[in-house]
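Engineer: Residue numbers (the numbering used here), protein chains in the order written: chain A, 1 to 113; chain B, 1 to 115.
Derived by calculation from the structure, the hints in this document are not laboratory data.
Heads up, some of the hints might be wrong.
Some chain B residues close to chain A (C-beta under 7 Å, calculated; not the full set) [as the list claims (entries may be wrong)]:
| hint | residue |
| --- | --- |
| 1 | Pro41 |
| 2 | Glu44 |
| 3 | Leu48 |
| 4 | Arg50 |
| 5 | Phe54 |
| 6 | Gly62 |
| 7 | Tyr64 |
| 8 | Asn76 |
| 9 | Ala88 |
| 10 | Gly106 |
| 11 | Lys107 |
Simulated restraints on C-beta separations [claimed, not checked]:
| hint | chain 1 | residue 1 | chain 2 | residue 2 | range |
| --- | --- | --- | --- | --- | --- |
| 12 | A | His29 | B | Thr20 | 41 to 51 Å |
| 13 | B | Pro41 | A | Pro62 | 28 to 38 Å |
| 14 | A | Glu54 | B | Ala1 | 14 to 24 Å |
| 15 | B | Lys70 | A | Lys13 | 43 to 53 Å |
| 16 | A | Glu101 | B | Glu17 | 29 to 39 Å |
Here the structure is a predicted model, which is why all the values come from computation and not from measurement.
Backbone N, C-alpha and C fix where the C-beta goes; we use that ideal spot for every residue, glycine too.
In case you want the letters, here they are:
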Amino acid sequence: ETGVTQSPTHLIKTRGQQVTLRCSSQSGHNTVSWYQQALGQGPQFIFQYYREEENGRGNFPPRFSGLQFPNYSSELNVNALELDDSALYLCASSLDSPPGEQFFGPGTRLTVL
Amino acid sequence: AQKVTQAQTEISVVEKEDVTLDCVYETRDTTYYLFWYKQPPSGELVFLIRRNSFDEQNEISGRYSWNFQKSTSSFNFTITASQVVDSAVYFCALTPNQAGTALIFGKGTTLSVSS
Numbered sequence: 001e002t003g004v005t006q007s008p009t010h011l012i013k014t015r016g017q018q019v020t021l022r023c024s025s026q027s028g029h030n031t032v033s034w035y036q037q038a039l040g041q042g043p044q045f046i047f048q049y050y051r052e053e054e055n056g057r058g059n060f061p062p063r064f065s066g067l068q069f070p071n072y073s074s075e076l077n078v079n080a081l082e083l084d085d086s087a088l089y090l091c092a093s094s095l096d097s098p099p100g101e102q103f104f105g106p107g108t109r110l111t112v113l
Numbered sequence: 001a002q003k004v005t006q007a008q009t010e011i012s013v014v015e016k017e018d019v020t021l022d023c024v025y026e027t028r029d030t031t032y033y034l035f036w037y038k039q040p041p042s043g044e045l046v047f048l049i050r051r052n053s054f055d056e057q058n059e060i061s062g063r064y065s066w067n068f069q070k071s072t073s074s075f076n077f078t079i080t081a082s083q084v085v086d087s088a089v090y091f092c093a094l095t096p097n098q099a100g101t102a103l104i105f106g107k108g109t110t111l112s113v114s115s
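Based on the sequences and whatever the hints tell you, model everything.
Structural biologist: Written out as structure tokens, the structure is:
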């Protein structure tokens, strides 16, 4: 059983650009959640996908969007990057239940200049 | 509103000392789950424990123990005989028993264990 993987590890972008972050969930896990973790803070929920459909969203603007694919992979897309988007982005996969027991990837460190 | 508060920002101890990390939560739900995660410098969050709101039994796993008290909305975590490898950021988290909901994290407590 492989764990959750994310790519790339690090990324540097400039303000206004667009970025796509990728995640490969644990095999058999049909739910993926994305979190943003700013420096010195706890992770903040962005959104969750279940069987390729968004089924929950945190307090993030529409320029944060996602996709989930049948092969247990997923993407987080951020348009019109802002300086405050600089953070560690974590992907977590889980089964339907028990609720919340999520397995996290190592994250992608995004820096926006 | 749901909220998790970890009042201790940083704790420093010497190896073999016991240390307790505090967690206080707020929720109006009657059914919910509480978690502790460890985040080493590598960044990956490591699951430590899950507890549902109906199970107030304390749990011990090796050097780790957890004290869940619904009356005070607290879910504290104790490391006995701390080791340098315990140095990390520890997060307490809460989630309601609903599909499509996420973990609500506290701000974390940075634990530094020196030899």
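Engineer: A separate judgement is required for each hint: does it hold in the structure or not?
Structural biologist: To see whether the hints hold, each was checked on the structure:
{"no.": "1", "hint": "Pro41", "in the structure": "violated (11 Å)"}
{"no.": "2", "hint": "Glu44", "in the structure": "holds (4 Å)"}
{"no.": "3", "hint": "Leu48", "in the structure": "violated (11 Å)"}
{"no.": "4", "hint": "Arg50", "in the structure": "holds (6 Å)"}
{"no.": "5", "hint": "Phe54", "in the structure": "violated (13 Å)"}
{"no.": "6", "hint": "Gly62", "in the structure": "violated (20 Å)"}
{"no.": "7", "hint": "Tyr64", "in the structure": "violated (17 Å)"}
{"no.": "8", "hint": "Asn76", "in the structure": "violated (17 Å)"}
{"no.": "9", "hint": "Ala88", "in the structure": "violated (13 Å)"}
{"no.": "10", "hint": "Gly106", "in the structure": "holds (5 Å)"}
{"no.": "11", "hint": "Lys107", "in the structure": "holds (5 Å)"}
{"no.": "12", "hint": "A/His29 / B/Thr20: 41 to 51 Å", "in the structure": "violated (33 Å)"}
{"no.": "13", "hint": "B/Pro41 / A/Pro62: 28 to 38 Å", "in the structure": "holds (34 Å)"}
{"no.": "14", "hint": "A/Glu54 / B/Ala1: 14 to 24 Å", "in the structure": "holds (23 Å)"}
{"no.": "15", "hint": "B/Lys70 / A/Lys13: 43 to 53 Å", "in the structure": "holds (45 Å)"}
{"no.": "16", "hint": "A/Glu101 / B/Glu17: 29 to 39 Å", "in the structure": "holds (30 Å)"}
Violated hints, in rising order: 1, 3, 5, 6, 7, 8, 9, 12; the structure is consistent with all others.
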